[in-house]
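Take the given structure of chain A and dock chain B to it, following the hints.
Number of protein chains: 2
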Amino acid sequence: MQIDFDKSGGLVPAIIQDEASGDVLMLGFMNEASYRETRRTGEVVFFSRSRNKLWKKGESSGHVLKVRDVRIDCDADALLVRVNPIGPGVCHEGYRSCFYRSLDEGGSSRPVLTSTFAPDEVYQKPIPPGKAE
Amino acid sequence: MQIDFDKSGGLVPAIIQDEASGDVLMLGFMNEASYRETRRTGEVVFFSRSRNKLWKKGESSGHVLKVRDVRIDCDADALLVRVNPIGPGVCHEGYRSCFYRSLDEGGSSRPVLTSTFAPDEVYQKPIPPGKAE
Numbered sequence: 001m002q003i004d005f006d007k008s009g010g011l012v013p014a015i016i017q018d019e020a021s022g023d024v025l026m027l028g029f030m031n032e033a034s035y036r037e038t039r040r041t042g043e044v045v046f047f048s049r050s051r052n053k054l055w056k057k058g059e060s061s062g063h064v065l066k067v068r069d070v071r072i073d074c075d076a077d078a079l080l081v082r083v084n085p086i087g088p089g090v091c092h093e094g095y096r097s098c099f100y101r102s103l104d105e106g107g108s109s110r111p112v113l114t115s116t117f118a119p120d121e122v123y124q125k126p127i128p129p130g131k132a133e
Numbered sequence: 001m002q003i004d005f006d007k008s009g010g011l012v013p014a015i016i017q018d019e020a021s022g023d024v025l026m027l028g029f030m031n032e033a034s035y036r037e038t039r040r041t042g043e044v045v046f047f048s049r050s051r052n053k054l055w056k057k058g059e060s061s062g063h064v065l066k067v068r069d070v071r072i073d074c075d076a077d078a079l080l081v082r083v084n085p086i087g088p089g090v091c092h093e094g095y096r097s098c099f100y101r102s103l104d105e106g107g108s109s110r111p112v113l114t115s116t117f118a119p120d121e122v123y124q125k126p127i128p129p130g131k132a133e
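Chain order of the listed sequences is A and B.
Taken in order, the first sequence gives residues 1 to 133; the numbers are from this note's numbering.
Taken in order, the second sequence gives residues 1 to 133; the numbers are from this note's numbering.
Among these hints, one or two may not hold up.
[What the hints assert, rightly or not] Derived EDC-like pairs (lysine to aspartate or glutamate); straight-line CA-CA distance at most 16 Å:
1. A:K66 <-> A:E37
2. A:K56 <-> A:E43
3. B:K53 <-> B:E32
4. A:K66 <-> A:D18
5. B:K66 <-> B:D18
6. A:K66 <-> A:D23
7. A:K56 <-> A:E32
8. B:K66 <-> A:D104
9. A:K66 <-> B:E105
10. A:K53 <-> A:E32
11. A:K66 <-> B:D104
12. B:K66 <-> A:E105
[Unchecked claim] Examples of chain A residues lying across from chain B (beta carbon under 7 Å, computed):
13. L27
14. R39
15. R101
Keep in mind the hints are simulated off the structure, nothing from the lab.
Cβ coordinates follow ideal geometry from the N, Cα and C atoms, glycine included.
Isolated chain A (complex conformation) (with noise of 0.2 Å):
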């Protein structure tokens, strides 16, 4: 069966979702080049819209996802891609899921899980000392 890559734009949403726990840990959109550089490659790659390009997730992280499994809903146009997430979380604020916080009615949100790296040591590695590239 064909992705409905035309209903928004060319870009569907994918649902990450850790195969083992269950839990979601992201939500990011693909195109039909990103969608084929993921099966090519057994890792997700996104398609960034603020960027306007590629994203292969954890390509600066290292934290990247292993597709296990992936799902299509009914009308075909989202998927829910079941990983094996590589590392200690996907999100660049340092937590195990982007969906780290509960939203109340009031609108006013507070952290449900917790942090489980420090992103400044993986997002930023400074040159070392005596090391200048």
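Chain B alone, transformed into the frame defined by chain A:
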């Protein structure tokens, strides 16, 4: 915190997850009005892109989604709505989850869930003989 409805033309994707089982049941979109209505009623209301109006999940089937928790992602442009789903399934094709098919690398799909109800009985209730209204 504010939900970023502006990023995608007034809509955010809302992942629906069964709080008890962890299963991802479906994905819909919410605009600000549907989010407010979801909060006011405690049951999920989407915005239907095809019908261009609010769409209360379960309005015809009775299979409403009772909201247990709403999570927001790190950049505030996606929601994870954890629910108690009423009834045997959310999918109009008769399954517990809309993501009932696995998609292989060649593009073939196969059901990985078993059907839990007969859509014809839920979505079409023909008037019994003798009952004119």
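(message) Need the status of pair A:K53, A:E32: alpha-carbon distance at most 16 Å?
(response) holds (12 Å)
(request) Measure nothing beyond the straight line between the CA atoms of B:K66 and B:D18; if it is 16 Å or shorter, mark the hint as holding. (result) Holds - the C-alpha atoms of B:D18 and B:K66 are around 10 Å apart, at most 16 Å.
(request) Verify the interface restraint on A:L27: the C-beta must sit less than 7 Å from at least one C-beta of chain B. (result) holds (4 Å)
(request) Measure nothing beyond the straight line between the CA atoms of A:K66 and B:D104; if it is 16 Å or shorter, mark the hint as holding. (result) Given that 16 Å is the threshold and the Cα spacing comes to 15 Å, the pair holds.
(message) For a C-alpha distance cap of 16 Å, please report whether A:K66 and A:D18 respect it.
(response) Given pair A:K66, A:D18 holds - Cα atoms ~10 Å apart, limit 16 Å.
(message) Hint check: B:K66 vs A:D104, CA-CA at most 16 Å. Holds or violated?
(response) Holds, at about 15 Å.
(request) For the pair supplied as a hint, B:K66 and A:E105, confirm whether the alpha-carbon distance does not exceed 16 Å. (result) holds (14 Å)
(message) Tell me if the straight-line CA distance from B:K53 to B:E32 falls inside 16 Å.
(response) holds (12 Å)
(request) Take a quick look at whether A:K66 and A:D23 sit within 16 Å of each other, Cα to Cα. (result) With a Cα-Cα distance of about 15 Å, the restraint between A:K66 and A:D23 holds, given a limit of 16 Å.
(request) Sort out whether B:E105 lies within 16 Å of A:K66, counting only the CA atoms. (result) holds (14 Å)
(request) With chain B as the partner, please determine if A:R39 meets the hint condition of a C-beta pair closer than 7 Å. (result) With a closest approach of 5 Å, the A:R39 hint holds.
(message) Need the status of pair A:K66, A:E37: alpha-carbon distance at most 16 Å?
(response) holds (13 Å)
Hint check: no violations occur; every hint is consistent with the structure.
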